[in-house]
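Student: First to last, the sequence lines map onto chains A and B.
Under our numbering, the residues of the first sequence are numbered 1 to 265, in order.
Under our numbering, the residues of the second sequence are numbered 1 to 235, in order.
Hints were generated in silico from the structure; no laboratory data involved.
Take these hints with a grain of salt, some might be off.
Stated by the list, open to error - Using 25 Å as the maximum straight-line C-alpha spacing, the simulated PhoX-like pairs for lysine-lysine come out as follows: (1) Lys157(B) - Lys138(B); (2) Lys225(A) - Lys81(B); (3) Lys81(B) - Lys196(B); (4) Lys87(B) - Lys154(B); (5) Lys150(B) - Lys163(B); (6) Lys163(B) - Lys225(A).
This structure is a prediction, so every number in the text was calculated from the model and none was measured.
In case you want the letters, here they are:
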Amino acid sequence: MLILAGGLVTSHEAGLAVPDWPLSYGRFFPPMVGNIFWEHGHRMIAGTVGILTLILAVWVQFQEKRTWLKKLAWISLGAVLIQALLGGLTVLYLLPPAISIFHACLGQTFFCLTFLIAEFLNPVTAPVMASPPESGSDRLKPLAIMTAGFLYLQLVLGALLRHTGQGLSFHILNAFFVGVHVLLLTMKTLRLFGGDKTLPRTAVMLGGLTTVQFFLGIGAFVFTKALPRGGYAPEAGEIILTASHQTLGALILATSLFLAVKAPK
Amino acid sequence: MKIQSMFSAIGVVVLFFAVANPAHAGTVSGKASFSGTAPAVQEIDMNADPTCAGLHSETVTTEDVVVNANGTLKNVFVYVKQGLEGKTFEPPATSVKMDQNGCQYHPHVFGVQVNQPFEIINSDSTLHNVHGMPTQSKEFNLGMPIQGMKLTRKFDKPEVMVKFKCDVHPWMNAYAGVLPHPFFGVTNEEGVFEIKDLPAGQYVVEAWHEKFGVQTQNITIDEAGVQTADFAFAG
Numbered sequence: 001m002l003i004l005a006g007g008l009v010t011s012h013e014a015g016l017a018v019p020d021w022p023l024s025y026g027r028f029f030p031p032m033v034g035n036i037f038w039e040h041g042h043r044m045i046a047g048t049v050g051i052l053t054l055i056l057a058v059w060v061q062f063q064e065k066r067t068w069l070k071k072l073a074w075i076s077l078g079a080v081l082i083q084a085l086l087g088g089l090t091v092l093y094l095l096p097p098a099i100s101i102f103h104a105c106l107g108q109t110f111f112c113l114t115f116l117i118a119e120f121l122n123p124v125t126a127p128v129m130a131s132p133p134e135s136g137s138d139r140l141k142p143l144a145i146m147t148a149g150f151l152y153l154q155l156v157l158g159a160l161l162r163h164t165g166q167g168l169s170f171h172i173l174n175a176f177f178v179g180v181h182v183l184l185l186t187m188k189t190l191r192l193f194g195g196d197k198t199l200p201r202t203a204v205m206l207g208g209l210t211t212v213q214f215f216l217g218i219g220a221f222v223f224t225k226a227l228p229r230g231g232y233a234p235e236a237g238e239i240i241l242t243a244s245h246q247t248l249g250a251l252i253l254a255t256s257l258f259l260a261v262k263a264p265k
Numbered sequence: 001m002k003i004q005s006m007f008s009a010i011g012v013v014v015l016f017f018a019v020a021n022p023a024h025a026g027t028v029s030g031k032a033s034f035s036g037t038a039p040a041v042q043e044i045d046m047n048a049d050p051t052c053a054g055l056h057s058e059t060v061t062t063e064d065v066v067v068n069a070n071g072t073l074k075n076v077f078v079y080v081k082q083g084l085e086g087k088t089f090e091p092p093a094t095s096v097k098m099d100q101n102g103c104q105y106h107p108h109v110f111g112v113q114v115n116q117p118f119e120i121i122n123s124d125s126t127l128h129n130v131h132g133m134p135t136q137s138k139e140f141n142l143g144m145p146i147q148g149m150k151l152t153r154k155f156d157k158p159e160v161m162v163k164f165k166c167d168v169h170p171w172m173n174a175y176a177g178v179l180p181h182p183f184f185g186v187t188n189e190e191g192v193f194e195i196k197d198l199p200a201g202q203y204v205v206e207a208w209h210e211k212f213g214v215q216t217q218n219i220t221i222d223e224a225g226v227q228t229a230d231f232a233f234a235g
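Turn these sequences into a full structure, and let the hints steer you where they fit.
Tutor: Here you go:
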């Protein structure tokens, strides 16, 4: 939800609708008119997520035995705090591309961290660790890691494109590599773990989401690059497609990381 | 000492006549005509801010292309682009004003001299941010949440044009030509502009329009002092 809210801020070009930070027009709650709705709404959701992440970190600290999971929870809290600071800097320094891109990437990294923490705490998916593949050449993990790596690169290239308008050809080229890897990973997971349902289901979901993402990407391209803007503000089609493309990208990245983490070595 | 004083006095007299005598300065005037098909006028939907919507009983339209009743264009910024190199012009102490009124900028296109005070006013009972987007001077984004609030800024570098926008109300934008001299004008409801007191000489005059780009003309101001420069834009 926070990723979507952030995407809607960018898509509405509302990033500077509130010129101060951490307050909004000098107050905690400004009138939610015009694009302030999107920018201040994003800040409120982010504040809520920050508080929830603090609760999560404290809860994991006292309830969990796994030290690495405790560390992961504190890292996620650190990430959301840095993310808030980056959000403030983007406002105060008038959307410098480097900080905006960092903000976009860290936001999805934070989402992936909390997604994985949730999965590790999930009694159903946490124990999933399918039987090792029979042949050494059929190892799934390297392919899953590679896929997640290409997806993360796609996130960086997408953020670059969104905040500078540059790098479209690299984004498209990498989309090809992402597509190929997701296809290979899905097929291989189905072949190797046909009996175990969690990983194949996740792999099929990854393939399905990536397919949808492909069409959302084409739609976003058409609205932002191919068609001239008709009015003074972004149109609904452009807003819906760009924000969904960005949000679905986060979900795909998290799904691929889940596979990379859960796949046997 | 006496000779030096005499030369100083002569210098003052010569300068006075050079500046004050209209025979040494001219006027450039003209119009910006328009041909072709103008883009459809776009209605502004102000419902995202009920205060803005409540300020207008009639339909409000965008100002990026305003074709006057006589077939001319409004909001064309015309200025001396070349011919004044090496001359310096003190910025006026009086400020140029841009008002946020009815959730629109007034004026939509204007000129201001480098280092001339530029006053931004919020006459609306809603909040605005004023996002000035120069690339040569420092960019700024100022919150103006209080009705009647005024802020003053200056631009320290020339730039044609500097865009302003309100990120709260995406339909609000305006453009300023920032120049090192006072020789500029903006076409009005008749499509006419006028640039006064231009010293005699040869100049390149440029006309800028938000949608239809720029056009230039070479002109000569002689002691007769009047020169016409008409520009023709096409849709």
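Student: Decide, hint by hint, whether the structure agrees.
Tutor: Verification of the hints:
Under the criterion of a C-alpha separation no larger than 25 Å, the hint pairing Lys157(B) with Lys138(B) is consistent with the structure, at around 9 Å. In summary, the hint linking Lys225(A) to Lys81(B) is not supported, as the alpha carbons are separated by about 33 Å, beyond the 25 Å threshold. Pair hint Lys81(B) plus Lys196(B) holds up; C-alpha atoms about 15 Å apart against a cutoff of 25 Å. Between Lys87(B) and Lys154(B) the CA atoms are separated by roughly 21 Å; this keeps the pair inside 25 Å, and the hint holds.
Annotation: proposed proximity of Lys150(B) to Lys163(B) holds, straight-line Cα distance about 19 Å (limit 25 Å). The suggested pairing of Lys163(B) with Lys225(A) holds, with an alpha-carbon distance near 22 Å, which does not exceed 25 Å.
The structure fails to meet hint 2 from the earlier list, while all remaining hints are met.
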